[in-house]
Amino acid sequence: KFDLIYGSILAAIIIFIFLRNFTITFVSALAIPTSIFGTFALMNYMGFNLNKMTLIGLTLAIGIIIDDAIVVIENIYKKMEAGMDKFQAAYEGTKEMAFAIMAISAMLLAVFVPVGNMSGIVGKFFESFAMTVGFAIIISYTIALSFIPSISARVLHKGESRFYNITEPIFKTVDKSYEKLLAITLRFKWVSLFLVLAIFVGSLSLFPKIGMDFLPKEDKNEFEIKLKAPTGVSLAAMIQKAKTVEDVVKKDQDVLFTTLNVAYNSAKEINKALIYVKLTPKEKRSLTQEQIIQNYRKKLESFAKEMFITAAAIPDIKGAGADVPYQIVLKSDSFSDLQEAKKNLVEYLAQKKGFMDIDTNLDEPKPQYDLNILRENTNRLGITAAQIAQVIATAFSSDLEISHFEQNGKQYNITLRVSDSDRANLENLKKLQIRAKNGELVFLDGLVDIKKSYSQATIYHYDRERQVSIYADLFGLDLGSAVNYTREKLPELLPKSVTYRFTGFAEEMDKTNKAFATAIGISVILMFIILAILYESLIQPVIIMMALPLSIIGVMLALYLTQLHFSLFVMIGFMLL
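Final position of the sequence shown in full-length UniProt numbering is 577; the numbers increase by one with none missing.
Possibly wrong hints are sitting among the right ones.
Each computed DSSO-like pair below joins lysine-lysine, with the alpha-carbon atoms no more than 27 angstroms apart [stated by the list, open to error]:
no.: 1; residue 1: K343; residue 2: K353
no.: 2; residue 1: K228; residue 2: K353
no.: 3; residue 1: K268; residue 2: K217
no.: 4; residue 1: K220; residue 2: K189
no.: 5; residue 1: K220; residue 2: K343
Hints are computed from structural coordinates only; laboratory data are not their basis.
Source: prediction; values computed, not measured.
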């Protein structure tokens, strides 16, 4: 919301600097709140609320809103300078520019309507954004042809301000310089054309250096630390381990508070814990959020022997698998091939600088006891498998309530089970007794063959095949480069039975690129049709639209100089060009 306010103020300041007329600036600036309030009305009618995407749309629409107002008011002012009275100048000036503004508005709508109808997660993102900008365009057109001329007819007056006279020599110098440059360009038009083409091709060559991400990383003053201890750890031990790590985090002066959650995904996964870390506002910190996360990766290395620890920012979009940008799924009917593929790929990723906290969903095998009933013995004693299962369940699951007692007005159940220390001993399991058919108690040891084994606690499937997911956070490496780095070597790393698929942000980024390219293609076709109708020519639209690809030059240079990656929000800005 503050960006919207700052953008409006800066737009008004820029107008005043170049128009150098307070009245024109004031009237033009009035179009901003008027159009925004009108846009709010349409947003409310369509059921949209104020969120990140609608606010971005409103902020970016400020330039469109004020541009329409300036075109009209400047033309009205020129009519007044030509000798017309205020009301006649307002009428003639608006009438003269109505067609041009309509053409601009139609062109802009031709861009945002296809974008607002893209599919997938990105389509949901862009729908509210594109519709908000579309509403602003419609309202801006209405305001420019009604409110602006009405106000201009009453408050505009001829004459130059002192600021205008002081700055006029500067503007005249700029005009003369531009005239000379234009003359040179037209004189050597083939050379100029070659230079523009060379700069365009050169800017495209910057793309591999710029890289691509699905969403840009933001400093939101928060991140998460995830802990994963070996399978089989007790709940009490896991809580103690997690609290030890949390105590280390709390000592940092940049940390506002932390919260600890053990078994955060499932009550069965007591070997996993999550620490939410809230940082102080970035204005009060000397380090960025990413730098702090990177520091914690080093600080917590001392715990690496006890458990696997990851630290990562909280993603803007949840529910796409892991909370890290890099995610790949390996699939195969052969579990041994999957294990080999996982080992090869994890080792390969670890060699590349930028891959951090590489992890998989393939946990260590969980210890278990396999009981094989000795049928000859159980049949002779008249003991059933159900009886054996009941005795073991009673001893280990603590579901058997034998009584209850009351204390301080509260009732507590008494359950019967083997103590924790005894349950960990296989010999104690063998000493459990079961009553035979003749009434005698016999030991479990003679009824079952007990063997210790290991198995996967969870078996994951993807498209009906067994799968292993590999996750990694990225630091100093964009998602596009990470995906390309992986694809280059996958044929050599994976056994023939193993296939792969990038998921999460990588998958969404690929979908976004395809949907965005389709939307831009439709927009270009619609713009050409609109221009061809307006100008009644097929050549002029082509000449006008030649400026579209050249806008890539500025985009690439800006991203390269600011060290930013091409992302979803860059696409939003690119659309306005």
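| query | Going back to the hint list, which numbers does this structure go against? | reply | Those not satisfied are hints 3, 4, 5.
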